[in-house]
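Undergrad: Protein chains in written order, with the working numbering: chain G, 13 to 343; chain S, 11 to 400.
Hints in this document: simulated from the structure, not taken from any laboratory. Any given hint could be a false lead.
As the list claims (entries may be wrong) - Coverage of chain G stretches by chain S, computed from C-beta distances (three or more under 8 angstroms per stretch; other residues unrestricted):
(1) 79-86
(2) 96-103
(3) 130-143
(4) 309-316
(5) 320-334
Just so it is clear, CB atoms sit at the ideal spot from N, CA and C, and this is done for glycine as well.
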Amino acid sequence: MEVNEFIQRYTSGENDFSGVMLAGVDLVGADLIGIILQDSNLSRANFTFAYLSRANLSRANLMESNFSGANLNQASLDGANLHRSEFHGAILQKADMRSVQMSLANLLDANLMEVDFRSADLSNANLKGACLRGSNMRQEKRGKPTNLKGANLDKADLKNVDLQGADLTRASLVGANLADVNLRNANLTGADLTGANLKGASLTDIKLEGAKLIGANLSNVKMERGNLTDADLTMANLESATMPDAKLVRTNLIQANLNFARLNRVDLSRANLYGAIMRNASLMDVFFARTNLTSADLSDSNLIGADLSSANITGVNFNGSIMPDGQVYHK
Amino acid sequence: MMVSSDIIPSIAQELSHSKEAKRAKKLIFYVSQRYWESDFSIIDGYSFESLLQNLYENNPTLDDLKALLFQAVNTLNRKEVYNKIAKYVFQRMAEIYNNVDEDSMSQNPPQGNEFESELVARIVENIQYHDESPRIKKLVFAACKQYWENDINVIEMYDLNEIILELYQLYPNAKRLRKALDSIVATINRQNFYSFIADTIVGELNYLYKHDTTEAITDDNASEEETKLIKAKSQDTSHELQEAVTIQESEVDTVTPSESEEDSLVVKMSTDIVPSGVPEGQILPWLKLDNLFDLKQEIMQYTNPLRGKILLFYAIYQIHPSEQHWSIVRTCSLDDLLIKMFQNHGKDIKTIEKELMYVANSGIEGLEPDDNAQTVTAILESIKHFYRKC
């Protein structure tokens, strides 16, 4: 079909263009509200500032297409190929993006609120500054996890997003808003979360091996069995975090705030807690093998059953804490 | 490996037997004696070896040599020929400098800041892939080398990694870098657009500054020192400029004056640097970053994010739409634009409204004024909510 024919038929009221072949078509600013373009080939098409709300683009080939500033509110794009596509400043609110192939796409500052991204492939995509509040990236039973490997989510707003089981290996989340996010069983190995806000997040069984969390806010998180081996949490805020049975081997916690944190049975072997504040922390049965606790403040903490035999405790403040043998420490 | 002392005779030998021996000698004489001698009999009175030795002694680092050579070539006619010679000399001379470097390296081991180099690599990558890469490089180069190089090819000969590291060492915090960039921007054409470029550079270098925890402590009482630094710098620049001008005037070989590019230096360069009144603080005291997420969400909810960015961009940097296509906003973020706007106008909603409305009606390519007006209204309403929360 030729472009002219397509526009003519659309303007005369036709709506269903399933399977159409219009690769490279220029539809800048076009009003295509509610159009049906499923299974079509629209690769490299230009939809800049186009109106496509409630459009059906399911399973379409949209490789390298340009949707900058386009309005795709409630559109269906499930199963579409959006590799290297452009969604800079676009509106995708409530869109169906299940199982889209979106690797290397640019979604800078896009409105992605309430988008269904389950099983989507967003590997190495740019989602910097995008707003994803209320979007769904949860791994379904036997479903593929949402793939965000190497994605850039710096300063993205993921407040309250369901990311259970998502793959965020080596993703960048610098300064991102992850308050109250669900990251249970998610994989963030090698991710960069410097300065991110994870306040109140659910991080049970999370994988954070080698991740960077410098200055991150992890207060009130639930992180049972989280694996933070070799992670860098310098100056992170972990106040009132609940993280029993977590693995913090060789973790860097220099000057971190762990007041009121619950770390029962945590493995802190060879971790560095130089100058950390751990007042009123629950540290029962913690494994402090060769842990550096120099100048840490453990006052009023509970250390019953903890192994401090090989820890470096130079200058540690144990005032008022219950020591491994059950005795209260007094100066 | 060749010993340092053997390198100069070997270069001299090679050059004197090359096809372009005469031009090579002219060029080497030019850079080592710092003037263009048109009488070849005078030049011929010197040996290649003594000229090269002199060149080596007067340029303590390889970077100095590089700058000198390529600046010189730039003032000459038959650039291709001279460029080849300069490249050859540079490559061969590099052997001497590298030998020296290795010697000093063995004495004090490298400081080995892995983290820093990782960040620098990231910054370099960001700059290389930036849509405005050449302008960013020009401004970075100017801040680093203290002169304005208009020929991007010359700048490309430098390792951007090193330039960025040098810049970081020269300006130990974001404030100082900001001031230095502002003072350069104040002297060039297209100031508004270059202030955007300056913001981009500060934004990139912030990766480095943020990880430098010592900054916060030394930052406050440094203002006097900074002023001195900038004064010294501006003198430097004007001096260098004069030098460059004299070289060009005495240049005999010159035919075409270097093309006057849009970005070229205004001649009044650095005679009247006025300290800019832009607030320096990264974040204003009343501005809560957590709330910025809410503001952004509200803007995105009620209007088109891309249109919002475009209007904010033109309003903040006061660039006319005919000067710069809006696709440039792909290189900046809505966050940064909003913060910049609050830095410029604080809580002055009237001025913000006036400037946004002006831009909305200024005929931006492909954008309808009616749609723009809707966006302005949505942004203003969101900002009013935001102010109430702050």
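Undergrad: Each hint should be assessed against the structure and marked as holding or not.
TA: We went through each hint and held it up to the structure:
no. : hint    : verdict
1   : 79-86   : holds (count 3)
2   : 96-103  : holds (count 4)
3   : 130-143 : holds (count 3)
4   : 309-316 : violated (count 0)
5   : 320-334 : violated (count 0)
Going through the hint list in order, the structure does not satisfy hints 4 and 5.
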